Amino acid sequence: MPHHWRPSDHLERSPQGGVWLLVERGRRVGSIEYGKVRQRRAFRAVTPTGELVGYTWSLERACDRLWDWSVRTGRGAGLTAWPWPPIQVAENEWVIMRNSPSLPKAVVRFFDATAARPAYYRAVTWAPGSEGRELIGYFLTLELADEAVLEDSPGRISTEPDRR
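Final position of the sequence shown in the working numbering is 164; the numbers increase by one with none missing.
Hints listed in this document are in silico derivations from the structure and should not be mistaken for laboratory results. Just so we're clear, the structure is a prediction, and the values are computed from it rather than from any experiment. Where is the CB? At the ideal position from N, CA and C, for every residue including glycine. A couple of the hints might just be wrong.
Stated by the list, open to error - Under the rule of at most 25 Å between Cα atoms (straight-line distance), these lysine to aspartate or glutamate pairs were calculated in the DMTMM-like manner:
| hint | residue 1 | residue 2 |
| --- | --- | --- |
| 1 | K105 | E24 |
| 2 | K36 | E134 |
| 3 | K105 | E93 |
| 4 | K36 | D64 |
| 5 | K105 | D68 |
| 6 | K105 | E143 |
| 7 | K36 | E51 |
| 8 | K36 | E60 |
| 9 | K105 | E134 |
| 10 | K105 | E147 |
Unchecked claim - Distance windows between CB atoms, simulated:
| hint | residue 1 | residue 2 | range |
| --- | --- | --- | --- |
| 11 | G129 | V37 | 28 to 34 Å |
| 12 | A115 | G17 | 29 to 35 Å |
| 13 | A42 | G129 | 27 to 33 Å |
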């Protein structure tokens, strides 16, 4: 039986438990989160900006709803040249994809400024658990962290936050 394309063909498991990312050609269309509605298992489709698209009883239907929303509004799905931009998976966390559509190369986390240091982004290599990750460096912007992962350039990588 031939396989017909479905939006769920673009689902990727998020590093965050119970969350799937709908990613089309490197651009995050949105996410699907697992939870409960009226004591029943349910899935909710959420846009990249956090707007609720709707609840459904199946992952496939939530994916269809999210895809329909992106086509209807012209937001979310779109063509993006390689490399993919960082994909936001939590409020202050992104994954950076490179050679695989389903396996991240790095995780970037944002840290707010304190009295002792300015705000910064910390990039580490990807591993399922934090104990297997290695530091790539600290950066002033998400774009610089993304470029460092792309290029693996020693000139852009520091071993501690900039204390200017």
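We went through each hint and held it up to the structure:
| no. | hint | result |
| --- | --- | --- |
| 1 | K105 x E24 | holds, 18 Å |
| 2 | K36 x E134 | violated, 36 Å |
| 3 | K105 x E93 | holds, 14 Å |
| 4 | K36 x D64 | holds, 19 Å |
| 5 | K105 x D68 | violated, 29 Å |
| 6 | K105 x E143 | holds, 15 Å |
| 7 | K36 x E51 | holds, 18 Å |
| 8 | K36 x E60 | holds, 16 Å |
| 9 | K105 x E134 | holds, 11 Å |
| 10 | K105 x E147 | holds, 12 Å |
| 11 | G129 x V37: 28 to 34 Å | holds, 31 Å |
| 12 | A115 x G17: 29 to 35 Å | holds, 34 Å |
| 13 | A42 x G129: 27 to 33 Å | holds, 28 Å |
Of the numbered hints listed earlier, those contradicted by the structure are 2, 5.
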